[in-house]
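Undergrad: Here is how the chains run, residue by residue.
Protein chains: 2
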Amino acid sequence: MQKVILSEKFKLFKERWTPKIVGELNGQHVKIAKLQGEFVWHKHDEEDELFLVIKGQLTIAFRDYEEVLNPGEFIIVPRGIEHKPYAEKEVEVMLFEPKSTLNTGNAGGDLTQNDLEKI
Amino acid sequence: MQKVILSEKFKLFKERWTPKIVGELNGQHVKIAKLQGEFVWHKHDEEDELFLVIKGQLTIAFRDYEEVLNPGEFIIVPRGIEHKPYAEKEVEVMLFEPKSTLNTGNAGGDLTQNDLEKI
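Those sequence lines, one after another, are chains V and D. Counted from 1, the first sequence has number 95 at position 95 by our numbering; the numbering is strictly sequential. Counted from 1, the second sequence has number 1064 at position 64 by our numbering; the numbering is strictly sequential.
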């Protein structure tokens, strides 16, 4: 039961689109990630996914609109909904989602991260 | 799928020790609360609980030590572990925990909130 200082955790890595596990509870993972540029369109068939912006600005595109998130703002993407995160400048985000969640969901491809690092 | 602006949500209520539901995913609730003063010692037999400080300073007392959390810092209190949150000045926190979680856990008493408001 040690507290997690998010700003310290973000200093531990530079790579983007590579979520790191910073906590686990009730079958869920707490992850952090640095994002910049465009991700792939994807969905998670079995998992709802929460994005909380810590620093910077993140856009989540859906097929029919977009949401722009600033620090202190979050969105829950329900299972089955196609989405594509993107950020012009680097953004730091916190994610909350089931341990089973794969970052690219149904899309697969080069950006897929199978074994996430715990930091 | 609308974003949640935490600062706007915190403006909607003043009462303390009264968590409000601001999101739901994967059987979990995202809650926010304003805390000041001392809560009761309690534990949750079946639920792990995450406290993320948004504004102010929160202390979580355990039976053998304390953790002091500032904004951008979180702690996960595992099921079964007795804890007591307290804050000298008002603190704004975000909670992640299963929908089944009762705020006072096994302790009961006057501070128990059975039907949480969604805001």
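Note that these hints are calculated values from the structure, not bench results. Ideal Cβ placement from N, Cα and C applies to all residues, glycine included. There may be inaccurate statements among the hints.
Keeping only pairs whose Cα atoms sit at most 30 Å apart, straight-line, the calculated DSSO-like set for lysine-lysine is [unchecked claim]:
| no. | chain 1 | residue 1 | chain 2 | residue 2 |
| --- | --- | --- | --- | --- |
| 1 | D | Lys1043 | V | Lys43 |
| 2 | V | Lys9 | D | Lys1009 |
| 3 | V | Lys99 | D | Lys1084 |
| 4 | D | Lys1034 | V | Lys84 |
| 5 | V | Lys118 | D | Lys1043 |
| 6 | V | Lys118 | D | Lys1014 |
| 7 | V | Lys84 | V | Lys55 |
| 8 | D | Lys1084 | D | Lys1014 |
| 9 | D | Lys1034 | D | Lys1003 |
Residues from chain D shown here face chain V by an in silico Cβ test under 7 Å; the list is partial [said to hold, decoys possible]:
| no. | residue |
| --- | --- |
| 10 | Val1004 |
| 11 | Gly1023 |
| 12 | Leu1069 |
| 13 | Pro1071 |
| 14 | Ile1076 |
Undergrad: Against chain V, with CB atoms and a cut of 7 Å, does the hint on glycine 1023/D hold up?
TA: Given a least distance of 5 Å, the restraint on glycine 1023/D holds.
Undergrad: Could you grab the alpha-carbon distance between lysine 99/V and lysine 1084/D and see if it respects the 30 Å cut-off?
TA: Roughly 28 Å separates the two Cα atoms, so the pair holds.
Undergrad: What's the verdict on lysine 118/V and lysine 1014/D, does the C-alpha distance respect the 30 Å limit or exceed it?
TA: Not satisfied, since the Cα-Cα distance of roughly 37 Å exceeds 30 Å.
Undergrad: Within a Cα-Cα threshold of 30 Å, do lysine 1034/D and lysine 1003/D meet the stated pairing?
TA: holds (21 Å)
Undergrad: Do the alpha carbons of lysine 1084/D and lysine 1014/D lie within 30 Å of each other, as the hint requires?
TA: Holds, at about 21 Å.
Undergrad: Between lysine 9/V and lysine 1009/D, is the straight-line Cα distance small enough, at 30 Å or below?
TA: holds (27 Å)
Undergrad: CA of lysine 1034/D to CA of lysine 84/V, is that 30 Å or under?
TA: This hinted pair is violated, its Cα atoms lying about 34 Å apart.
Undergrad: Does proline 1071/D hold up as a contact with chain V if the rule is Cβ-Cβ below 7 Å?
TA: violated (9 Å)
Undergrad: Mind checking the CB of leucine 1069/D against every CB in chain V and telling me if the closest is under 7 Å?
TA: holds (6 Å)
Undergrad: With a cut-off of 7 Å, does the beta carbon of isoleucine 1076/D approach a beta carbon of chain V closely enough for the hint to hold?
TA: Nearest chain V Cβ about 5 Å off; hint holds.
Undergrad: Run the distance test for lysine 1043/D versus lysine 43/V: straight-line Cα separation, threshold 30 Å.
TA: violated (36 Å)
Undergrad: So, valine 1004/D near chain V? Judge it on the closest CB pair being under 7 Å.
TA: holds (5 Å)
Consistency with the previously given hints fails for numbers 1, 4, 6 and 13, ordered from lowest to highest.
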